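J.: Take a look at the letters that make up each chain.
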Amino acid sequence: MTHHICRRWLPAAALAAAIVVPAALTAQAPPRGSAELIAQLSAKPTPHLNGKPDFNGTWDHLGGIEFVRPQKLADGSVCLRGCGPAPGAPRPAPAPAAAPPRPAQANPPQALFPKYKPEFQAKVKDLSARQVENDNVLKCLAPGVPRIGPPGKIVQNSKEVVFLYDDVNGGFFRIIPVDGRTTYRKDMPASFLGDSIGHFEGDTLVVETTNFNEDTWLTDNGAFHTAGLKVVERFRRVGDTIEYTAAAHDPAVLVEPWSSKPYTMWVTNQELEEPARCEDRDLEHIVDGSHHDNPR
Amino acid sequence: MRHRLLGVLVAVVAMLGMAPLLSAHHSVAGQFDLSKSVTLKGVVSKVDWVNPHIYLHIDVKGDDGQVTTWALGTVPTAMARRAGLTRESITGKSGEVVTIECNPARDGTKHLGWVNTITYADGHKYELSGR
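These protein sequence lines map, in sequence, to chains A and B.
Residue numbering for the first sequence follows our numbering, starting at 1 and increasing by one per position.
Residue numbering for the second sequence follows our numbering, starting at 297 and increasing by one per position.
Heads up, some of the hints might be wrong.
What the hints assert, rightly or not - Listed next, the in silico DMTMM-like pairs over lysine to aspartate or glutamate satisfying Cα-Cα at most 25 Å (straight line):
1) K139/A - D403/B
2) K342/B - E279/A
3) K406/B - E133/A
4) K337/B - D75/A
5) K72/A - D418/B
6) K342/B - E273/A
7) K72/A - D344/B
8) K342/B - E284/A
9) K406/B - E284/A
10) K342/B - D280/A
11) K389/B - D75/A
12) K332/B - E284/A
13) K139/A - D418/B
14) K139/A - D344/B
15) K139/A - E66/A
16) K332/B - D288/A
17) K186/A - E160/A
18) K186/A - D250/A
19) K406/B - D75/A
20) K342/B - E274/A
The hints are simulated quantities; they were obtained by calculation from the structure and are not laboratory data.
Quick caveat, the model's predicted, so the values are computed rather than measured.
Chain A extracted, bound-state conformation (with noise of 0.2 Å):
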């Protein structure tokens, strides 16, 4: 009788839960990227595999384009930035004296610019004029590290990390043995993503990484680096985020570590992409080598 009820009337009740559930979730989840959307997720268990840290996972951080906020009307129409009010819609009202902050947001702005040694300083000044001339992300080639920001989906098992990218640019991928070697590869050619090697400390993955070629900038605006560099990432898993940080150490021309822009980048069931190919038709008619930030 009993398994007879729970026959008739589960259905009727899973309904029911599909209707209602996933329509209270909405309503309470919080906005892609809001600060509450990160403190709820960096407060549950941080997951492990085989005793270390589980990266596994599609990462969001926005993608550099937070800045994005499109207002969708009804009619259809779509303002993608810099929107003003709607047509037809009411006056806002006066602003406070004070107004109120904007939600705090994850991933706000820019890092500071790398520190160059004195005798560097013309030389980045020089390529920061001509960017639109030699900054190969304008190329749509990689941007390298750690300019490349973080990886937009991990895959790990016990030996190995791999990072993948699907970025304005293409779709790029990193492998990061984490298998307690120390040595790196020693038959790489230099490249733009350099070589690297992974090791754990705690809940955080340090990836290190080094032979990289000299066709890649830190950063916009003639920030460039010799082949000794050598970037260092962590990985710090908190709940379902991860804490992002890059340094990138090169003695020969910089003053001290320049660390990039921090992110933090949380679960996600959007998946990648295959991003749309790079096919630059612009650079031949730039007319002043204007340029801005090309952020990731």
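For this one, chain A is given, so just place chain B on it according to the hints.
T.: Showing chain B alone in chain A's frame:
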């Protein structure tokens, strides 16, 4: 038939106080004249879903019946995706006449521009570079 209605409406207008444009690449102002606005009416014949900028092509029929194809750059694919825009939604319906307000190229290249707004036949529009 609808092509008969198409015409080139080129209105060069001084745009004071224009909202900042966006790109994840070089400066838009280095390539396009943001002080000038060109209004085109035509059919979107192709959308190249490429980075760093999507390019759409619009066939504009002049008063003399000649069709001119403009190439118009706009935002990176990731930004379009974030706004829920796709190649299909940007293309519109087959043969649909759209109105595009854009900025012309600074280097004098003809029929090259940067999209600000696309308005479709039913009145809905995509504002891609700020209002």
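J.: Please flag the earlier hints that this structure goes against, numbers listed from lowest up.
T.: 13, 19
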